[in-house]
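Each chain, written out:
There are 2 protein chains.
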Amino acid sequence: MSKPSASPRTEVRRKPQRAHHDTATVHAIIDQALVCQIAFNQGGSVHCLPTACWREGEYLYIHGANNSRLTQTLLEEECAVSITHLDGLVLARSAFHHAMNYRSVVIYGRFTAEDDPDAKAAAFKAFVEHVSPGRSPLVRPPSRAELAGTRLLRLALDEAVAKIRNWGVEDSEEDMAIPVWAGVQPLALTAKPLQPEAGCGEQMPPAPPAFIGRA
Amino acid sequence: MSKPSASPRTEVRRKPQRAHHDTATVHAIIDQALVCQIAFNQGGSVHCLPTACWREGEYLYIHGANNSRLTQTLLEEECAVSITHLDGLVLARSAFHHAMNYRSVVIYGRFTAEDDPDAKAAAFKAFVEHVSPGRSPLVRPPSRAELAGTRLLRLALDEAVAKIRNWGVEDSEEDMAIPVWAGVQPLALTAKPLQPEAGCGEQMPPAPPAFIGRA
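In the order they appear, the protein sequences are chains A and B.
For the first sequence, our numbering assigns the number 1 to the initial residue and increments by one for each residue that follows.
For the second sequence, our numbering assigns the number 1001 to the initial residue and increments by one for each residue that follows.
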């Protein structure tokens, strides 16, 4: 842990040896995410919804329609955002010591709206590049009406914590002789063969983001 | 939509044509999940944490240490659980019409504890089978102390909704002539080569769950 926790909320109580508060670790996990999960309260109830995300500088960005419940509510109160990459199944000799390898980040704070059209256009360009590197110059950029109808929200990464498990089996000494395969089954989000629209045969196919594995 | 929404909370307001309330669809999405995200309130703040999950019958199961904040808090109040499978990047001819294909479920309710040792042993056996089919007879089952130290929680699936996008590009007519590749980049969680512990060379290697793709 190269940096102390920013707040009591980002102190990891369960298995604190897995916690990381340094910016580089938090950023690296966010930069491999295409989707985050947002917890918020609305109408007397807690909610948890997935949405696409990307990072620029010290902010996590999301977007949504101007009239969506999610974006409206997120501007009004604090939320928690979770990002999780499942990296492997840890298969132990005892049922109890089975585990998962993962990299996760939780961010606390309140989103703010970015309403400047130029800033919005730049952020959406970065979003296209995050999803498909090199694509933004090839596609039609958002029109003024499309920009105006889309809300861009950003959340400062000041209060964030990462949690990582990235090692092997931790069986007890007395279980080591059990005759069963033990180790890690690594998992990764992987790009499968492209499904082109009709009439796209002559166009250069896109490459997936560098952080996505190839089939 | 073959079944109506169970409550106002599971009515999908944004893009309701993507909503599904039927049990088979909800179960199928949960059954391909290894991890869920849980939103809950604790200490005056909303939180969002990932944890491993599996389904048996009409319940979603999770587990945790007896003394963990998460399991303790979840027994005391309502939460929302989100499961999301990211299935593809929808690459349109216009930046605005880019999208993602996904299958997601949100469940509302309150977890209850299952404390009966036999029921716990059966549920943890099902968990091992979910993660690694055929493995439970090969590993040491949980001891009485291990069972006693682990909390098993379950959440009824009464108030759940699925949301699915699983189709191609939706560009506007006036963008169809833009000379750029358009279509879907499918994505899938995939099993990579196994990483055995030392000394496991003679044991039969495990197969990943059927819902995980092969590299």
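Simulated from the structure, these hints should not be mistaken for laboratory data.
You may find that some hints are simply not true.
To be verified - Not everything, but these chain A residues come out facing chain B in the computed CB check (under 7 Å):
no.	residue
1	96
2	141
3	142
4	167
5	172
6	185
7	194
Backbone N, C-alpha and C define an ideal beta-carbon position, used for all residues, glycine too.
Verification of the hints:
1. Interface hint at residue 96 of chain A: satisfied, since its Cβ lies 4 Å from the closest Cβ of chain B, which is below the 7 Å cut-off.
2. Here the hint on residue 141 of chain A is kept, as its CB sits about 6 Å from the closest CB of chain B, short of 7 Å.
3. Below 7 Å, beta-carbon pairs count as interface contacts, and residue 142 of chain A has one with chain B at about 5 Å; its hint therefore holds.
4. Interface hint status for residue 167 of chain A: violated, as the beta-carbon distance to the closest one in chain B is roughly 10 Å, over 7 Å.
5. The beta carbon of residue 172 of chain A is not positioned within 7 Å of any beta carbon in chain B (closest approach about 9 Å), and the interface hint is therefore violated.
6. Against a cut-off of 7 Å between C-beta atoms, the interface hint on residue 185 of chain A holds, since the closest Cβ of chain B lies about 6 Å away.
7. Nearest Cβ of chain B to the Cβ of residue 194 of chain A: about 6 Å, under the 7 Å cut. The hint holds.
Of the numbered hints given earlier, the model fails hints 4, 5; all others are met.
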